[in-house]
Amino acid sequence: MSEDGDKKISSSPKYIIPPNIIPGAAVATTTDHFINWFRYSSIWYMLFATACCGIELMQTGGPRTDLDRFGSVFRTSPRQSDLLLVAGTITYKMADRVRLLYAQMPLPKYVIAMGSCATCGGLFTQSYSVVNGVDKIIPVDMYLPGCPPRPEALNHAIIKLQEWMRREHWADKIRKA
Amino acid sequence: MDAREIYGLLVQKFPEGILEFKENLLDPAIEVKPQALIDVAFFLKAEQGLEFDYLRCLSGVDLKDQLEVVYQLHSIAKGHDLVIKVKAAAGDPVIPSVSGIWKTANWHEREAFDLLGINFQGHDDLRRILLPEDWIGHPLKKDYVPQPEYHGITPDRPDGLDAIPIGEGGEQPRPPIQYLPAMHGPKDEPEGKLFHLNMGPHHPSTHGVLNFMLNTDGEVLSRVVPEVGYLHRGMEKLAENLQYSGNMPYTDRIDYLGSMFCNHGWAMAIERLLNIEVPKRAEYCRVIVDELNRIASHLIATGSMAMDVGAFTPFTHWLRERETINDIMEMICGARLTYNYMRIGGVSRDISPAVVEKTLAWLDHFDIIMEEFDRLISENQIFIKRLAEIAVISAEDAIDYGLSGPNLRASGVDFDIRRDEPYSVYPELDFDVITGKAWKGSLGDCYDRYYCRMDEMRQSVRILRQALKAMPEGDIRAKVPKTIKPDPNEVYSRVESARGELGYYVVSDGSPKPYRAKYRTGSFTSMSIIEHLSPGLMVADLVALIASFDVVAPEVDR
Ligand code: SF4
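Sequence order for the protein chains is A and B.
Read in order, the letters of the first sequence correspond to residues 1 to 177 in this note's numbering.
Read in order, the letters of the second sequence correspond to residues 1001 to 1558 in this note's numbering.
Extracted from the complex, chain A is given alone in its bound form (with noise of 0.2 Å):
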């Protein structure tokens, strides 16, 4: 049973299904499979709407696309999170908020910056009050391109980085950081 579990978390790598526990049973299985399980399954990422894409935020923690199906939910302290989305444009007067909020979060802790604004700029790179691009001012471990990306995309994107957690040694991501 044990074997065969951990066998199953190895060899797929869409979806692992929890062993079934059987009353009284051990389940043996890697720290880091185990750790990871964990941190995959409840993804909290903060409300960080600035701009437009803050309301396809909502959209998708909404009804129809509902991201609470991953485990993820949305915090509205960065000390509670472990994701930080960057949904809309980031200003220079905004800038050190950002910062501030970043460093507050405890590790690991990932970035995803969503739309284009957040990407690069977006249709506001000509500004001349616009940061162009969140990874100017925090490191930013994904990209989501749009204006604003539609809810699949997000949700793929929580997606993908529940799978690069999967593969993860947890511990190395906070020592890298």
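Simulated from the structure, these hints should not be mistaken for lab results.
It should be emphasised that the depicted structure is a prediction, and the values quoted were computed from it without experimental measurement.
Don't take every hint at face value.
To be verified - Chain A side only, calculated, beta carbon under 10 Å to chain B, not exhaustive: (1) Gln59; (2) Pro63; (3) Leu67; (4) Tyr92; (5) Thr125; (6) Gly133; (7) Arg150; (8) Pro151; (9) Asn155.
Positions of the beta carbon are idealized from the N, C-alpha and C atoms, including for glycine.
Assemble the complex: chain A is given as a structure, and chain B with the ligand must be docked to it using the hints.
Positioned in the frame of chain A, the structure of chain B with the ligand alone reads:
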């Protein structure tokens, strides 16, 4: 009274102070000497028969050797408009402040100071509003050179995918966090007695990136100073560098919850400049998408109001309904949020019978859902207790501070641009203007602002049913020249958006790009009344107050 008659009156009264009557402008303007401005403004507001009690918009324009300030006045009581202008030399632009006469001017003057460097004499709090304190220069000046860097952030962006460290968490060197200089606290706080608290710019109930600086004594607020500009994207400057039609997608982003109104206002302004007649069918298409958009926007407004005071479920109900509107919009124009649907002279695509059918079916369903929503939240005792009697705004205050849209109407002022200054095909449609009824408390409290929006959605449903049935056959776009080059002129056009009056003041100099475009938005003006309302409220009431205004951050900051 029309502008010529008022000019006659003014010349009689102030023979020294009035300079010129510019009759050939689309909105005839009266130029006033700076020295006489205060007297003239006071006369215009107080004189029987004129009663200009509402300052719609105040815009600064850089004329290179001179700086000009344009005041769009309106009289709610008499229903007439007037434009007055004041000029000052570019070297030392000093213009007396009218913030003592119309409170709306307070924030608008700060904006003109921030973006154009106009010094308003007599303004008691003249400091930057949209840009950070340590910003250099005034961006809307024609000779402005952007800063090469700000706090270590440069605007350059390397091209190509290689430049992006994908999946690696980014190895590029980044400037360290600069801890912020002390924030602007409210000025008159007695040392040590009050608690100073920052609410925002990242806060779930400030609706985007708005910041409120609170002075509290326990739970009771003694003063709240809104600090805006965290989403100032410089749209007005961008518009100056774009062709008239190329600015349409940017207008979407002024108000992402009501993109259609922004499209509509911009199209109307340019059509007025070019003197283009829009085909009937296109006008119907515009009204249909406007009203759909109004419902979608009010859904977020009422839903998030419930969420902010602690009821999460209604919001998810409304998000579900919004998805259907998004689907309909997608069928109409291909986008869910930033529509870019309208064109100068018409609309980009026709509304198909399938859309009509789907919309009518959804409207029937929506009627039932509205009843359900009323049962779920409007009659909920906790909800009523949180909103009724909170932050009551009198009709005089609402007009003085330039509130507009549902916020103004909730205070009992019966003013709706769709009916009072009709545009498009609204005169052909039958609908009621909703005003506050003091359902659960006094007139103009947060509950009235909430219920006004609920009732407006019902009216929008009414309009939609009529418009979908009455839509005539025909073209959807007028003949418009390839390159749009309006004659030198200027225009102020307004639409009734979900957040009130959305006005575009556009100056054309005969080139293919606008010389100046100023966006007057409902949220910007409604934010400025918060400081006046806040003393004595509880911290939790402030959340209800902000929610009841339905402010959208990019509309405040542009
Ligand atoms: S990417 Fe587009 S939709 Fe998203 S914030 Fe920027 S302008 Fe708005």
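We went through each hint and held it up to the structure:
{"no.": "1", "hint": "Gln59", "result": "6 Å, holds"}
{"no.": "2", "hint": "Pro63", "result": "4 Å, holds"}
{"no.": "3", "hint": "Leu67", "result": "12 Å, violated"}
{"no.": "4", "hint": "Tyr92", "result": "5 Å, holds"}
{"no.": "5", "hint": "Thr125", "result": "7 Å, holds"}
{"no.": "6", "hint": "Gly133", "result": "6 Å, holds"}
{"no.": "7", "hint": "Arg150", "result": "7 Å, holds"}
{"no.": "8", "hint": "Pro151", "result": "8 Å, holds"}
{"no.": "9", "hint": "Asn155", "result": "14 Å, violated"}
This entry does not satisfy hints 3, 9, going by the numbered hints stated previously.
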